[in-house]
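S.K.: Below, each chain spelled out in residue letters.
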Amino acid sequence: DQQVKQNSPSLSVQEGRISILNCDYTNSMFDYFLWYKKYPAEGPTFLISISSIKDKNEDGRFTVFLNKSAKHLSLHIVPSQPGDSAVYFCAASYSYQKVTFGTGTKLQVIP
Amino acid sequence: ETGVTQTPRHLVMGMTNKKSLKCEQHLGHNAMYWYKQSAKKPLELMFVYSLEERVENNSVPSRFSPECPNSSHLFLHLHTLQPEDSALYLCASSQEGTGKYNEQFFGPGTRLTVL
Chain A
2 DQQVKQNSPS
12 LSVQEGRISI
22 LNCDYTNSMF
32 DYFLWYKKYP
42 AEGPTFLISI
52 SSIKDKNEDG
62 RFTVFLNKSA
72 KHLSLHIVPS
82 QPGDSAVYFC
92 AASYSYQKVT
102 FGTGTKLQVI
112 P
Chain B
196 ETGVTQTPRH
206 LVMGMTNKKS
216 LKCEQHLGHN
226 AMYWYKQSAK
236 KPLELMFVYS
246 LEERVENNSV
256 PSRFSPECPN
266 SSHLFLHLHT
276 LQPEDSALYL
286 CASSQEGTGK
296 YNEQFFGPGT
306 RLTVL
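Which chain is which? The protein sequence lines are A and B, in order.
Take the position in the first sequence, starting the count at 1, then add 1; the result is the number in this note's numbering.
Take the position in the second sequence, starting the count at 1, then add 195; the result is the number in this note's numbering.
For reference, chain B alone in the conformation it holds in the complex:
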């Protein structure tokens, strides 16, 4: 595997379900991100992990719970979601701390539908 991978690619869940999204980066990066992309809206940054510590949480509802067990893996645990949470969830990674801006590498996303 190369780059940033995400599983599953598609997920349909009911409002009472609990599910998890998984992201894995094979680039040796030290920062990982969760973004949400809804129709006709900008990509919204949800969480940032740098060196496995959460450094940003953009007022995301508690029904979304991130976990970063190591620098290569990132999870987004979902529970009691609402239909408006249906969106494309994108994971990204980058190498921070080199003294310059670094591009973020994105995974293909998980298309989530909440019924």
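Extracted from the complex, chain A is given alone in its bound form:
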């Protein structure tokens, strides 16, 4: 049973436009959500997170939105840059150790 789902395996966006990556979860116990970015031949790196007490968190070009009633979160990248091309993993946690990851979405930003 996959508790964190990223239904789009890939996404292509023109440079300068908005990239929207989506994530759905099934476990209502999750109270902390994270996005990681992974380049080829490197490990995932933390990008941005959000607590369940918030519905939005912004960090520069990256904004994460949380809709608890829909059990849905999204990552917005504005404006998208070619260097943003990577695999993005959504993750969720309800304890400080156990983090459940999605399958990832490969973003390609076209110059």
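Note that these hints are calculated values from the structure, not bench results.
For clarity, every value in this text was computed on a predicted model and none was experimentally measured.
Treat the hints with caution; some may be incorrect.
Claimed, not checked - Covered by chain B, per the in silico footprint, the following chain A stretches (three or more residues, Cβ under 8 angstroms):
id, segment
1, 38-47
2, 101-112
As the list claims (entries may be wrong) - Pairs of lysine-lysine residues, derived as BS3-like cross-links and limited to a Cα-Cα distance of at most 30 angstroms, are as follows:
id, chain 1, residue 1, chain 2, residue 2
3, B, Lys236, A, Lys99
4, A, Lys6, A, Lys57
5, A, Lys99, A, Lys57
6, A, Lys69, B, Lys214
7, A, Lys69, A, Lys57
8, A, Lys69, B, Lys235
9, A, Lys72, B, Lys213
10, B, Lys214, A, Lys99
11, B, Lys236, A, Lys72
12, A, Lys99, B, Lys213
13, A, Lys107, B, Lys231
14, A, Lys99, B, Lys217
15, A, Lys6, B, Lys236
16, B, Lys231, A, Lys69
17, B, Lys231, A, Lys99
18, A, Lys72, B, Lys231
19, B, Lys235, A, Lys6
20, B, Lys236, A, Lys55
21, A, Lys57, B, Lys236
22, B, Lys231, A, Lys6
Said to hold, decoys possible - Which chain B residues stay away from chain A? Per the calculated CB distances, all over 10 angstroms, these:
id, residue
23, Val207
24, Glu248
25, Asn252
26, Pro261
27, Glu262
28, Pro264
29, Phe270
For every residue, glycine included, the Cβ atom is placed at its ideal position computed from N, Cα and C.
Keeping the supplied structure of chain A fixed, place chain B upon it in accordance with the hints.
M.R.: For chain B alone, kept in the frame of chain A given last:
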């Protein structure tokens, strides 16, 4: 060295071999993790060590044996693996016990191929 390092980066082994993966973190963290990433599947948490004690073992087959001799080093000993064990093995570390969620820092991974 900085961050989390893993050696080797690539490993090819036969099903009867014994090998070990090594992870070292230079961040002063007190928790370390092994994850497995197979193609088109989520990262799967295998083992968690907190303060050098194993606190989680997610039903991992006994052919995988972790070892955490101190808070900076983590090993994954492999023996009699199967071809389906071929995957990217990622190590991560974090600082626990600060009363808030802490991000995990990942190493680059070891790409394992079992023939």
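S.K.: Each of the hints needs a verdict: does it hold here or not?
M.R.: How the hints compare with the structure:
1. 38-47: holds (count 6)
2. 101-112: holds (count 5)
3. B:Lys236 to A:Lys99: Judged against 30 angstroms, a Cα distance of about 17 angstroms means the pair holds.
4. A:Lys6 to A:Lys57: holds (20 angstroms)
5. A:Lys99 to A:Lys57: holds (23 angstroms)
6. A:Lys69 to B:Lys214: violated (45 angstroms)
7. A:Lys69 to A:Lys57: Status holds; Cα separation ~11 angstroms.
8. A:Lys69 to B:Lys235: Holds, because 26 angstroms separates the two Cα atoms, which is no more than 30 angstroms.
9. A:Lys72 to B:Lys213: violated (44 angstroms)
10. B:Lys214 to A:Lys99: holds (27 angstroms)
11. B:Lys236 to A:Lys72: OK: Lys236 (chain B) and Lys72 (chain A) at ~21 angstroms, within 30 angstroms.
12. A:Lys99 to B:Lys213: holds (29 angstroms)
13. A:Lys107 to B:Lys231: holds (19 angstroms)
14. A:Lys99 to B:Lys217: Distance of about 22 angstroms is within 30 angstroms: holds.
15. A:Lys6 to B:Lys236: holds (10 angstroms)
16. B:Lys231 to A:Lys69: holds (29 angstroms)
17. B:Lys231 to A:Lys99: Holds - the C-alpha atoms of Lys99 (chain A) and Lys231 (chain B) are around 14 angstroms apart, at most 30 angstroms.
18. A:Lys72 to B:Lys231: holds (26 angstroms)
19. B:Lys235 to A:Lys6: holds (12 angstroms)
20. B:Lys236 to A:Lys55: This hinted pair holds, its Cα atoms lying about 29 angstroms apart.
21. A:Lys57 to B:Lys236: holds (28 angstroms)
22. B:Lys231 to A:Lys6: holds (17 angstroms)
23. Val207: holds (17 angstroms)
24. Glu248: Since the minimum Cβ distance to chain A is about 12 angstroms, Glu248 (chain B) lies beyond 10 angstroms and the statement holds.
25. Asn252: holds (12 angstroms)
26. Pro261: holds (15 angstroms)
27. Glu262: holds (19 angstroms)
28. Pro264: holds (20 angstroms)
29. Phe270: Answer for Phe270 (chain B): holds, closest chain A Cβ roughly 17 angstroms.
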